[in-house]
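S.K.: This is what each chain is made of:
There are 2 protein chains.
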Amino acid sequence: MGVVVALEDKQPSPQIEGLVSLVAPDMERVNAVILARTGSDVTMIPEVANHLISSGGKRLRPMLTLATAGLCAYPGEGHVKLAAAVEFMHTATLLHDDVVDESDMRRGKLAARMLWGNEASVLVGDFLLGQAFKMMVEVGSLPCLDVLSSAAAVIAEGEVMQLSAAKDTQTTEDDYLAVIRAKTAALFAAACEVGPILALRGKGEIAACRSYGLNLGIAFQLIDDALDYGGSSAKLGKNVGDDFREGKITLPVVLAFRRGAESERDFWRRTLEKGEIADGDLENALALMRKHRALDDCVERARHYGAMARDALGIFAPSAWKQAMLDAVEFAVARAH
Amino acid sequence: MGVVVALEDKQPSPQIEGLVSLVAPDMERVNAVILARTGSDVTMIPEVANHLISSGGKRLRPMLTLATAGLCAYPGEGHVKLAAAVEFMHTATLLHDDVVDESDMRRGKLAARMLWGNEASVLVGDFLLGQAFKMMVEVGSLPCLDVLSSAAAVIAEGEVMQLSAAKDTQTTEDDYLAVIRAKTAALFAAACEVGPILALRGKGEIAACRSYGLNLGIAFQLIDDALDYGGSSAKLGKNVGDDFREGKITLPVVLAFRRGAESERDFWRRTLEKGEIADGDLENALALMRKHRALDDCVERARHYGAMARDALGIFAPSAWKQAMLDAVEFAVARAH
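Protein chains in written order, with this note's numbering: chain E, 1 to 337; chain P, 1001 to 1337.
Among the hints, a few may not be true.
As the list claims (entries may be wrong) - For the chain P half of the interface with chain E, some residues (derived, Cβ under 10 Å), not all of them:
(1) Phe1127
(2) Met1135
(3) Met1136
These aren't lab readings, by the way, just hints derived from the structure by calculation. Glycine is no exception: its CB is placed at the ideal position from the N, C-alpha and C atoms.
Taking the hints into account, I'd like the entire structure generated from these sequences.
M.R.: Given below as structure tokens:
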């Protein structure tokens, strides 16, 4: 626990800017591809797609494809289309997720489904998925197609898994990890794996990049889940409590539930399983999380996966790309403070 | 118009059995692949997938992949997985369509979304799409991947197009054709195109098979749309009127609307655009269709596309495969009687 404090106090503020500026020239081309490929005579398609795509997502996933291509000194062009394909896969998932979760908001804006209806969200998601595959096919690397199409199936499987486990306070940390590995980390892993594959690197480097992405993805989702309860500080703020209101069983809940007394478990069962949420319940949830250090330990777990991500890159020689990717891990974890 | 009568009276009952028995050995393997690939530790996935897959669809699309492979004497194995992939793409579309259309029934059974919820239909559809792409990648033919991934994007585009044009009685026959070309015929075309591609046939034969599939797909959808109003007889029966109740603008409506008086157009606007449907309205719709020969001419249009499909196969030498494919066109059209 002292470690957390030490890191909070002493570590230089970790920066994502290194990565952002290294990928900037390629990212400009990715953005052009994204814009071109959401075009359609069916006007609803660019409208819906661009609502989400232009809404200020960080584009972390395509950045990772560009970064691993850079790390592996890939001299070609394929990484640009694959990065755009990865972002399309991600956007399609978000569109479908909003329908599944019946979410009203996404990235601080009204969810597409609130503006154009569930129908449009489902179908434009399908369109983006189709375009993603078209772009991958254009790049023409069967191993990359294998990695990305496998990820698509695993992501959907993870979403169904999450649906099956929804509102179940019996969920174990392992169950939870299985879900986020599939629904979040699989795409991070695939985004990172295609870089070295395009660059025709050996098994070891491909596996290293995949491992970096997978563990970064897990860390990223853990931090997201902690942030949904206000992060380490567990304070009420903007967007805090969305998961609570939707009855999502994330790691902070799993930890608080398992560490709590039976009366506390009754609270979690009432609020999350039965969805009976009254005034003051979110505050109580935050208090229980503070009491059991659920959020600190969620961040601590994230730090563990972040460490695995960083170590995975150990086999690569020092370079600006490597350093930027290492810093990105620290940045992802530090968001929770 | 006399032609329709002549055909009804004199033509030997067209058979689909020729095609069914020719593809039977391969289809058994396709079914095994389908069963294996809907397997998942996430139990909801095989449940939902098999509910639809085992519900007695005709498997016409995978049959076409097997048939064109047979027609082109393809000696390999890839057609089996591609046929399964085509069926998965189709099933995914049905799952998503039910959510988009808010349908209660599918193939005479409760729609999956009624049993497992919209969420499961969206996500299991995504899973099947992911599995479809995985299988295509395993087959390893980039030109086939190109054809099928392009179809996936076009299908989704067609669905969005349909959504945009929904309940709009201004829809022209051309608008309608653009929609069904994209949402239905594109997959028929792709299913047929991959056969000759796998068999390494030349451009002419690939284009011929594609044209066969495209036109058969259009004919097939036209007949489906006529059947939804009872086919040529325009009689009430099982499942008659689903499109009417959902306000779908299909060719029979386009024709009846354009051929009708202003008072009749008011009727179509009230029932389909505003969705104000009262007792007797379906009967009145059927009467208007009879009056304007809307269903007969819808079937007549289908016959035109059917003829194009048959002629497309002209460049192939006579064979059992060719004959079965020609008969299949006649079968598809004759369903309306």
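S.K.: So, for every hint listed, does it hold in this structure?
M.R.: Against the structure, the hints come out as follows:
Hint on P/Phe1127 holds. Least Cβ distance to chain E is approximately 4 Å, under the 10 Å limit. Interface hint status for P/Met1135: upheld, as the beta-carbon distance to the closest one in chain E is roughly 9 Å, under 10 Å. The interface hint given for P/Met1136 holds, since its Cβ lies 8 Å from the closest Cβ of chain E, which is under the 10 Å cut-off.
Consistency with the previously given hints is maintained throughout, with no hint failing.
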